[in-house]
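Colleague: Note that the numbering used here has the sequence shown beginning at 165, numbered continuously upward.
Keep in mind the hints are simulated off the structure, nothing from the lab. Built from N, CA and C at the ideal position, the CB exists for glycine as well. It is possible that part of the hints are untrue.
Said to hold, decoys possible - Label pairs and their calculated CB-CB ranges:
| # | residue 1 | residue 2 | range |
| --- | --- | --- | --- |
| 1 | Asp952 | Glu641 | 38 to 44 Å |
| 2 | Glu895 | Glu433 | 37 to 43 Å |
| 3 | His910 | Glu1026 | 36 to 42 Å |
| 4 | Lys541 | Ser428 | 54 to 60 Å |
To be verified - Derived DSSO-like pairs (lysine-lysine); straight-line CA-CA distance at most 27 Å:
| # | residue 1 | residue 2 |
| --- | --- | --- |
| 5 | Lys335 | Lys353 |
| 6 | Lys381 | Lys676 |
| 7 | Lys499 | Lys451 |
| 8 | Lys171 | Lys563 |
| 9 | Lys399 | Lys338 |
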Amino acid sequence: MAEIAVKFLLERLGTYLVKEAELLGGIREEIDELRLELESIQAFLKDADRKRHGNEGIKIWVNQVRRVAYDIEDAIDEFLLRFGTRHAGHGGIKNFLGILSSAMTQLLPRHNLATDVQKIKRKIAALSERRRTYHIQILHEDTSSDSTIRQWQDYAEANFLEEAEVVGIEKDVKLLLNELVGGVTGNNKKIYISVVGMGGLGKTTLARKVYNEPKVKEHFNCSAWVSVSQSFNTKTLLKFMLIKFGGIREPSSSKEAEESLLPSREEIEQMNEVDLGRQIHSYLQGKKIILVLDDVWDKRVCININSALPENNNGSAIMITTRTEGVTSELETIKSVNFTRHELKTFPDDVAMSLLCRKAFLGSTAIMPPEFQEVGKSMLQKCGGLPLAIATVGGILCKKRAVPKWEKVNQNLRWKLGSYECSTSGGSITSILKMSYDELPLHLKPCFLYCGLFPEDHLIKRNKLIRLWIAEGFIEERRGTTIEEVGEDYILQLIDKSMLQIAETSMDGRVKSCRIHDLMRDLAISISRDEEFSFILDMQVRRANVVSPRRMSVIRENKTIEDDDKSVLSSAVGNIQLLRSLLFFRVDYVRTPNLASYSGQFMLLRVLDLGGAEIKKLPKQIGQLLHLRYLCFRTQRNHRSKLPRSIGSLQNLETLDFRHSGVLMLPNEIIRLRNLRHLCMASCCPEMPKGVGNLRCLQTLTGLNGSRKGIAAEIRQLKELRRLEIWDVKEEDAEDLYASINSMRHLFRLGIWYDNYASDFPFGRRLLERPPPRLRVLELHRLSELPDTLGSFHNLSKLILVGGPLREDPFPLLESLPCLSDLRLYRLDNVEGLKCGPLGFPKLRSLQLVDLRSLRTVRFLEGSMPSLKQLRIHGCRRQLMPHGIQRLKLEVLSIK
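Generate coordinates for the entire structure from the input sequences, incorporating the hints supplied.
Modeller: Rendered as C-alpha cells:
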C-alpha cells in the first residue's frame, strides 16, 4: 500500500512541478529533490511489501514511508489551498485588493511549505538509512500497466463471464427450479428454501440464477430480492421489501385504480415496523410471490419476515441464502409451510478444472491444455473446491499464458497458504483472495480498495465509479483515448480477475453496474483499514478508532445525521481534516447547518457524495472546498432550492450531479466551472445561464432546459459531448439544435424531450440529417411522424420512442437497423398495428411495448427478430396476443 501512495504522489508531484512552477517559486527545486528521493525509495517498496509480513521492523518502515508520502501530499494541498483562497475573488476592486494582498503575503505560505519540505527530507533520509539495515532489495519486475484498452464491444462479444459464473451449479439450478415451479400436486403451502454453505461456495450466484429464470418470472406474479447482511435492521428490511415488491405509489407513473391506494415513498418513511408489516400483508394478499433474502445471519430475520407475509395458500416461495446452520431452525418446525434445505458442496475436480480454464483463458476454452494440467491440478488442490477461490486464481492467471508463469503463481500460492492461518477453508480462501490483491497491477489496487467503501451488495454504477476514481487521480491518462474510457477498461480488468462481479449489462453487452462479493469487500475493508486508505463508519454499530484515513463512507440505516453524530464522525478518526473522499449511504437526512460546519473541516476533500443522503439545500460554504473534483447531492422530495453562487469557486470540479434534487435556480457562476466534464441536472431544472458554451470540457450534459432562446445554438461549442439530454425544446430553435447535434462527432447518447402537448414535435422528418457517427442510444419524445433519416442510424443499439400522436407503424423504417438490440415504444396512443417482416431486426434482443392503447395487432412473420430474447407488452389491449409469437426464441415473455 505504501507503494501505491508513493506512486500516485510521484505522479502528482510531476504535475505540480509543471503546472505550478511559478506559484512554487524558489521551493520548486526542493520539491524536485523530494521527488528524486521518493523515486529511489519506490524501487525498494515491492521487496519490502513482500517481507513485512514476517518482520515487524520492515512493516513499521513501510508504514512510515506511506505516512511520509501522505505528509508531502498534505503539505502541497494545503499550500495550494491557501493560494486558491486568495485568488477566488469575483472581480472588480475586491479582486484587485485580494491579488495585492496575496502578493504581499505569499511569502508566508511558501515559507511554511519550505519548512515542511525540510522536515520531510530529514524523515526520508532516516528511512533510507533504515532500509539498508533491513537489507531490502530492488525487485526487477515489470510493473507497467497494459497500455492496450480492450473495447467493451469486444468484451461483450466474448460472452464468457456469465457462462463462467454458472459453471458447476447447473444441477443445483434444476433442483431448485423443480422445488419452486414443479410443485407438489394439490399442495399450495408456502415454500421455504434454505440455501446453506460457507462463504465462496456460490450461494448468491445460484439464487440469482434461479430468481432470474423465465420460468420463475412466469410462475410468480410478484417478486423481490432483498440483501440482508449482518447489521440488519427490521424496519429497513420491511421497507425494502415493500419497495421491491412494487407496493408504493410512484409520482411519475400512471395511476391505476389499485396503485392510487398505495402509499408514497414519503408515507413509507414515516411508518414504523408494525405499519410496514401490515402494509406488506395487505399488498401481497392474494398474490403469488417469490422473495429472496440474501445473506441472512440472524434467525430473527426469518421470524419477522414470515409474520409480515400473508398465508395465501397459492405456492408462494421464499428463498434464503445463509452461511449459518441455525438461521432457519424456527421455520423448519412450521407445519403450514413446505421447507427444503439445500446445502451447497464444493466443486468436484472436473468442474473445478473447467471453471479455472474458463477464467484463466477468458472463455476461449473449457478444456485445459495438456501442458497446464499438472500445475493447474496443484493450484486447484489449494482452492479446496471453492468456486470463488477457483475463479480468483483464474483471474490471477488470465494474462499469463506460459507454464513458467503459472508455476510461479503456484509457488506464491503455496507460500501464502503457509504464511497465514489457514487451518480452515475460510483461512485458505482469505489467503487466496489476499494473493489476488497482491498480484493486481499497481494501478488497479486503489481502484479495488475504493470499492470497499460501498455498502454490502450495493449496485455500483459504472459511470459513477469511474468518475469517483478520476476525482481521486487513480486513472492513468493514455494517449488517444479519454480518461473515462481508461476507467471502463479498469472495471473490465477487475471483472476479469474476479475482484468485481457483473450486476447489470445493457442489451448490447456493456457493463452497466457491478458488485463486489462480500468476502472481497471484507478483504478491501481489512486492507484499507490497516493501510489508512479508507474507513467505513457504520452508524448502526459505530465502529471507530481509526487514526487518519484518507477516505470515509458513512452508512446509517435511514436515520438523520444529528448534532451528536458530528461528534461520532470526529471521534471515529483522528484527523478528519485530511479526508479526500466522504460518501454517505442510506442516510435519511443531513441537516444543512451540520453540512455547513463540515465544509470548514474538510478543506482537502476531492469527493463529496451526498447522493445517499438528503439535504435541504447546499450551503454557501461549499465554495470553500477548492480541491473538490466530484460533488453529488439530492434534496428532500418536493423541496425547492437553489445552487449557491459560491459554486463558481470550485475551479477543479469535474462532476456536478444533482439530478435527484429540486434545484430551481442556477447561478451565473456555474459557467465558470471550466474543468467540468459531467453536469447531471434534474429534469425540472431551470434555464441554464448564458455562456454554457464556455464549458468546453463537458462530456455529459443531462437535464438541460432548452426553453431559453439561443441555448440550442450555444451548445454547438461543446465538441466533446458524449451524452446530451435536452428538455422543452422550442420549435423556433429546432434548426439550431440540428446544427449543434450534427457537430458533436463524439456523441454516444442523445435524448430530446418536447413537453408542450399542445403541438406536435417540431423536428418531423428532418431530424439529424447527418447523425453523429458514434451515436448508439437515442430517446425521442412527442413524435408526430418518424424522421426519414432514422433508418440510416446504422450504429444505433438502443431506441426509445415516447408519447405523441404518431400513427404509422415504425417497424418498416426501423427493422433494417443492423445493430439495434433494444427497442422501447411507450405511450404511442394512435399506433394500431405493428408488423415485422422476414429478417427484420436481426440483432434485436429486447422489445418493450408499453401503454399503446390503440394497438390491436402485432405480427411476426417467418424469420423476423431471430435474436429476440425478451418481449414485454404492458398496458395494451387485454386480449392482445401477437401473431407468430411461436416463431420467436424467447426467454422472457410478459403480457400484462
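Colleague: Now tell me if each hint is right for this structure.
Modeller: Going through the hints against the structure:
no., hint, result
1, Asp952 <-> Glu641: 38 to 44 Å, "holds, 42 Å"
2, Glu895 <-> Glu433: 37 to 43 Å, "holds, 42 Å"
3, His910 <-> Glu1026: 36 to 42 Å, "holds, 40 Å"
4, Lys541 <-> Ser428: 54 to 60 Å, "holds, 59 Å"
5, Lys335 <-> Lys353, "holds, 25 Å"
6, Lys381 <-> Lys676, "holds, 22 Å"
7, Lys499 <-> Lys451, "holds, 21 Å"
8, Lys171 <-> Lys563, "holds, 23 Å"
9, Lys399 <-> Lys338, "violated, 34 Å"
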